[in-house]
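Model the full assembly from the supplied sequences, consistent with the hints where possible.
If you read the sequences in order, they're chains A and B. Read in the working numbering, the first sequence has 94 at position 8, and its numbers run on one by one without any break. Read in the working numbering, the second sequence has 270 at position 226, and its numbers run on one by one without any break.
Read the hints as simulated data drawn from the structure, not as lab findings. Accuracy of the hints is not assured; some may be wrong.
Stated by the list, open to error - Derived pair list, reagent style EDC-like, types lysine to aspartate or glutamate, alpha-carbon separation capped at 16 Å:
#	chain 1	residue 1	chain 2	residue 2
1	B	K122	B	E224
2	B	K317	A	E345
3	B	K86	B	D267
4	B	K317	A	D280
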Amino acid sequence: MSLLEIENLTVEFDTAGGKLRAVDGISLSVEEGEVLAVVGESGSGKSVSMLAVMGLLPWTATVTADRMAFQGRDILNLSPAERRRIVGKDIAMIFQEPIASLNPCFTVGFQIEETLRQHTDLDRAARHRRAIELLKSVGIPEPEDRLGAFPHQMSGGQCQRVMIAIALACGPKLLIADEPTTALDVTIQKQILDLLMDLQAKTGMGMILITHDMGVVAETADRVVVQYMGRKMEEADVLSLFEAPKSAYTRALLSALPENAVGDRLPTVSDFALDDTPYTGART
Amino acid sequence: MSEIVLETRDIVRDYHIGGGLFRQGRTVHAVKGVSFKLEKGKTLAIVGESGCGKSTLARMITMIDAPTAGELFIDGEKVDILRQGLTPELRRKVQIVFQNPYGSLNPRQKIGDVLMEPLIINSNIPVGERRERAMQMLKKVGLAPEHFNRYPHMFSGGQRQRIAIARALMLNPRLLVLDEPVSALDLSVQAQVLNLLADLQDEFGLTFVFISHDLSVVRYIADEVMVMYFGEAVEYGTRDEVFSNPRHDYTKTLFAATPRADVESIRARLARKAA
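What follows is the structure, given as structure tokens:
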């Protein structure tokens, strides 16, 4: 049984100009202890499909799927109360902008302990100890003092570490990281990715990493799903994706990497004839 | 030997953070003595993490900020905006493209007006010719004449960055400062914009100062590379020198931190993981 199974997920938004289909028949699954990367350009529906899993889409969105199950349990038609028990505890998410996703009015200690108060029955002192432990595990020096710090007193990299600490507070089975390093410098990006991979290996949780950076994919993923215009173009393990990409779109994406430049101009996606039928091969 | 378009000698910029009733004022040394020379038609890439002073350096080159000490030469002439002020001629020579194409265009200004405004301010070209030039520039950056009367929100990020580049080129500058021009863009759009920049450089003989933190882009576009760290230029040389033989520790850290997307390194990582 897979940790997360999605079959034929479609998300539509009601807009003034009619319905907009942001995600069009995506199927994917994540096993325990596996790192799945979802790659695509902005507007390819990669974030929207994961927000649908979390139930975080606005009311204008219509989510339909043949099957959406977490640990074999349907999560498509959950009541809000039931969903709140799972989200934040068993499925956790890290967002792109670390500084924007923390509440500026509360200390980071409060925000970590808030999650623990919601989902565990630890008492106040135990929550405090656990928060210190978490901050230490994400590599923040002097965790006892930093619990009292506000988000604006920390750097972007440290805020992202706090976000990771909050996500990991209840020991999630599945961590969804939505562009966790896009807003950060390369050196900090490396630290955060190393930290995430380290924690993933230690806890054996499943992980979905949403990114548009092929370099990040190459450094972290076990398996990759490539999305374009809301459709799945290709699914492969990381090595075969980079060695022998099957879909024209993936080939185009890879050749647009500056380090793969041949001659003095870069090939762009529009140079490739994209076949309109996305890749639909079943996983064996 | 071709001509030198831009030269700085020991350029310094300090910012004074004012003290108050309860706090002492202090001075931040944003750029601590940077010197370089840049020839016509070449690209200098400035690399460094946020807060290392690369944008402050760009502000001094574009004459937005005056240096605290040191000298700035543009086309061999010494520029001192504190004493002599900024002439339209100087303004014409140096233009800048900013990182975020969503923030750098006025949402209430049509694209045609965006492109014609530099001409209104800095020249006395009549309106018919202004229009003509704006149209030509639109085509040059890969947009169509029907985009002339549209507003910025009708464009994608890549198109907006093309508009920002077009605006910067309206005055036929000698030097274009590009402050992270592609870091807000998708991979495929990034490739298009980089190609456009290369085309424009060939056509107009432009000199670029290219600020970036993405080493793979820098390796692709730069002739010379400067690595900045805490306000100092810790490494400066031709692209091949810097990339093949980095001398400073920080440069090495930077190279090690850059994700590699080749098959061998993936294989090595998977082997490490299996072990």
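Right, here's what the structure says about each hint:
With a C-alpha separation of about 27 Å, the suggested pair K122 (chain B) and E224 (chain B) falls outside the 16 Å cut-off, and the hint is violated. A distance of roughly 25 Å separates the Cα atoms of K317 (chain B) and E345 (chain A); the hinted pair therefore is violated under the 16 Å criterion. With a C-alpha separation of about 6 Å, the suggested pair K86 (chain B) and D267 (chain B) falls inside the 16 Å cut-off, and the hint holds. Restraint check: the Cα-Cα separation between K317 (chain B) and D280 (chain A) comes to about 13 Å, which is no more than 16 Å; the hinted pair holds.
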